[in-house]
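Both chains are sitting in their own frames, so use the hints and assemble them into the complex.
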Amino acid sequence: MARDIKTTDKKPAPRADIIGGHTLSMYVVNEPGVLMRICQIFARRAYNIDSVVVSQGRDPAFSRLTLGISGDPAGLHQIILQCNKLVDVIHCSEHTSQQAVVREMALIKVKAEGPETRTELLQIVEHFGGKTVDLTESSMIIRIEGASDKVDAATRLLASYEIIETVRTGKVLMARGEVAT
Amino acid sequence: MEILWGNSAIFIMANENQSTMDGAQALIKTLDELGIEYVFGYSGGAALPIFDALETVESNIKFVLTRHEQGATHMADGYARATGKPAVVLVTSGPGAGNTITGIMTAQMDSVPMIIITGQQVTWMLGLDAFQEADIFGITIPVVKHNFLVRETNELPRIAREAHHIATTGRPGPVLIDVPKNVSQSDFSGDLDSPIDLPGYKPELAYEIDQADVEQAALLINAAKKPVILAGHGAMIAGAEAELMELATRMDSPVTSTLLGKGVFPEDHPLSLGMLGMHGTAYANKAMCECDLIVNIGSRFDDRIIGQADKFGAQAKIVHIDIDPSEINKMIKVDQEVIGDAKAVLKALNPLVEGKSNEEWNEAVNANKKKFPLGYKKQGGLRMQQVLDEIYELTNGDAIVTTDVGQHQMWAAQFYKNRDSWKWISSGGAGTMGFGFPSAIGAQFACPDETVIAVCGDGGFQMTLCEIATAVIHKLPVKILVLNNHYLGMVRQWQELFFDNRESGVDLEGNPDFVKLAESYGCKGINIKRQADVGKKLQEALDYNDGPVLINAECVKTDNVFPMIPAGAALEDMLTEPPKHKMAKPVGST
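Here the protein sequences come in this chain order: A and B. In terms of the numbering used here, the first sequence is numbered consecutively and its last residue is 181. In terms of the numbering used here, the second sequence is numbered consecutively and its last residue is 590.
If we strip away everything but chain B, and leave its shape as in the complex, we get (with noise of 0.2 Å):
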């Protein structure tokens, strides 16, 4: 009776009471409020209110139907990489919801500010198994920076706020509301403008910098004669690029970035090493093993820039800048931490730095860069390492650059050097295939005038390939470029180098041809199968803008990404060329 009861009461009350606003509109009206700029998402039963408010609110919000509720996700994730700035991603409850924490996971992991919205049953039902009911709130816990189950309809105004404040703030990341249908579709009788209210969490202390560890932090970079500066994501984060190349230029320092940090110093700067780590460069994980201080800047020293933990900077002092107290001593013990955001904590330390001149030290670390520079055979058939050479030259760096997981991954971080933020857009903590194309659309919803390029592989671009549609809707112009080797190529490797190269679960045979898929979406297909066709084809597909373009680059079947840190190794056990003899199973992570 009470069920009836309740659900009749919601029926009459929106027929004679049209010009009220329920939650939903509320919801809506506040994300407007917050600047909201694009909503990514899949429609359903629960989240029907909502979606319907997108239509009854007048809002600058733009709605995007993607195809598939991880392309949203990773469409705001794209969008937010290349403005800072939080896109929302709404869908419906139970599968709907289930299908996003893959990219829920992939922000999480790389800092990453996001607002997803799930419809969810009504909450007389929770907990009762009704149709499409998925406790998403318990689901997402460990893969969100904060989840909310909204239970009354007066708060959603101020749980729209707080997600808001909580995914861009401090250390951003991605933060879930679960909507109830009976709590969208209530009557709304609060007060919009509600205040946030948030007693636990407290990033403006990232601001306040503690003085002391400053000065400590000086004392050792003073003392350096062999130093190097690893700038993280966090450093892009909290916009130091002019405060990072002061302290660079100060110090005389080398700096090496990585994978998410590639941007924040101009990689074509003299001082630049590049990216460091299992694929980096050897003159970047050289320099790691042969210098006298490590100052990482909003890194959190990721296995896979540190190999064998015990070993890494084991010859050098640590200095460690980050906004999260949590990831200070987490993986590498250091000598001194400044905790607080890397914009405000540089601002305090660049003063205390002397300047001064390290010729012998920089003399040593170029002459490893000339020793072994990244590189790749010109014959013996197309590489992918060609591909992506040509297209930074045709593209000038200035492209923002996507990526999905794997060889063409590492291969595009090493060839395709990127001068500024927020231009270099790759799932770096998760290793999330499949997120490349979707994330380009994103950035180029984002950036409009900008030239987006999605680095894909066969198997990652068949993971979400169904966003075509959603790309060709939007006549967005993002080049898909997909290296084709008609494998998963980094698994292979491994499998080559330490399984006695026995191929398991590894050959993509079956492969569509991704041409004719793309045009009959109604996409350009471009082939590229002869090397001396790369620059030629390449341009064709930077000057077509009507429309996505697709390339299928049909590439070298068997190459191997050098130089590697075996996974748990030391640095200084770098391959810098394929191994002769027999190489152990990794003992690292993967």
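Pulled out of the complex, with its shape left as it was, chain A reads as follows (with noise of 0.2 Å):
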């Protein structure tokens, strides 16, 4: 069955030198050009900034960071090192996925048509552990949340049907055990 699929979820193969899957946490001052003083760090290392999460900390004087970088690994640590030596910077670490919990969200907008392709779709939703926020006649948009590889794959099936949008958060980051992140 051809479908016209429309999606904006299309990545560009990973090209062979950049390796991805860092993911660095900071905890920074609360204020305006913090976010500048970090992303020109990254860009003028060519490093790719895939998502940012930013939000205010428990004490709203601070901001969390959660950052998902694609670059070389062997430049990673003097940048954490650059970012840490900005005086807005309180801290900035890097997490594997063994030392810490990493899960983001999407919102994934398809086309459902017809009871067949709604119970098809659904059935996906309960398998991914997702959720249905929006139905309408024609469309309903599914909520699903993990580590990004269950996102990944929830959007890969996802895909055979039409998907109209697609929105990810980013990846939120949090230390494993008593440790803080």
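Keep in mind the hints are simulated off the structure, nothing from the lab. The hints are all genuine.
In silico EDC-like links for lysine to aspartate or glutamate, alpha-carbon gap of 16 Å or less: (1) B:K378 - B:D389; (2) B:K417 - B:E393; (3) A:K85 - B:E204; (4) B:K582 - B:E496; (5) A:K85 - B:D324; (6) B:K585 - B:E496; (7) A:K109 - A:E162; (8) B:K330 - A:D72; (9) B:K557 - B:D507.
Structure representation (structure tokens):
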């Protein structure tokens, strides 16, 4: 069955020299311009910021940043030190998935016309522990949360239907156990 | 409506309540309390309230009007490099602020403390392309240690204190404060002594030295038979001269210094190798190639000194002492790092270092000193090296020397041997032409009783020569030494060596008569044309102290600086004389 699939999540194949999958957590002063200072460090060294999540910390004077980064792992350590050098950065560190819980959420809007398609879609949603958060005669918005590879897998499966658009939050991270993030 | 109300409210308050202090006055009071001695600057609309406060607030601050904002930054830079203390640069918004970028970048690259205050449009016009508005906060983020855009009048004293603290502690650097006009003009009702609040900035950690790292470093040092100490600007900023001398004596190790480290270890000491790197001494570079240990104290392993990174120190263990953790393993993978203030680290390290004698190694090093001495041809016309050599002799090596960038800079570094810290002022990291003369003015303000010599090329001098007026007005006895070859000599040298001598964009035809130019400003001018006159004319300039004096030395046009390590080449590939065959284009940076 040929479908005219419009999708916003077709990522270009990763470049051979880029190794992705780094997740950095930062605790910073909650002031205008802090994000500019941090982004310039990554841009200058040709690291791509895949995702960035910023929100106010428990103390509103500070913000929590989680950055998903692609780039050469060899230089990343030095960049973390450069970020730590910024006056507005309280701390910056990299966490591997073994040391931290990493989660993200995606909203996926899919065309859903007719009971057959709708049932199939609901099965997929159930399998991934997702939820439908909007349902019309012709479409539904599906919410999937979890580790990035789970969100990827759900998006892949749903792509065989007609995805109208997707929105991903980007990764958020918290260190496991009693260790502070 | 709101805008009109805002303006008129300020207007009424200023008129009815003369006795209250405005933000600008609070700012100047704070700078005075912080011990700021000089403000170098250039006025303009958005900075009017701050300029007015310079008149209305009683303080010890002296204001110097420059002729260009870039000059103001280099003067503050020269002042800081002669004293270790920051000066303030005060300019207006837009183009005034934009003209400071080169000077801020120069200070940032060389870890020089500086506080730059820029006027700014009123807060409600920010981002609306108001007259003379520039987002100087955004523009300067990559070239400052930190910057502020002040939005509340009552925050001014605290932010000024924070800026001073950030600029002068840890690894120093420039800090910019952007002050919108309504913020400086509004009534101040806050606390002049409100304490600094910088939770992400902990320079005090530089004094908590990891003892285990120190012990490991001492093991490497004690095991070495052919050590070299590499002393950088960080050792000078930390004031570690005595500790460095003690370490060198205990280790019986030769000491080489970076361009910015010149003077932290006396260059006339038997253990000194002078400067290393691209145009450093042959014996320093050879020692780096032959040693079994490099102890780097406060240098960031700049690409000008390491050449080809994977070959640098490949035969040696490397110990790196630096206050900035992000410098460790940045250019060179090291065997042992010790993070902290150089003086604090050496104080911890020295007691663990065994005293010894390295006769064999030092003999080998000294043999290279005899084999490859610095020199120059006495025939064939007046050479820059001769002028520098003679002024070194005449001033007994005691003058404060500033430089521009290029051939004259490298020859000055080679021939003007520094015995003390804070007397060699040169733009290293940024390589900023036009730096030499204004920085000499700043240094002369800082040290009125010292002889200050600005060693300039004819290219660099023309970039900031308008500051002759500043020097004349203040009767500063700066010696402006223009080493004039009518060329951008260093670039021409590269074109000769690597581009088949195709000259492109290097001929400075149209140079003015520098002596007449100086005289038109009311500055004394002296020409040197003959080799035999150098000593006499330089002495005449040194004896003249009623104001600045410009010495225009007409030098050989096409001389080349040696030794030379082509950019990106290994230290062992150093040229000590002109190559006999065509060279490949260098692969390294610039």
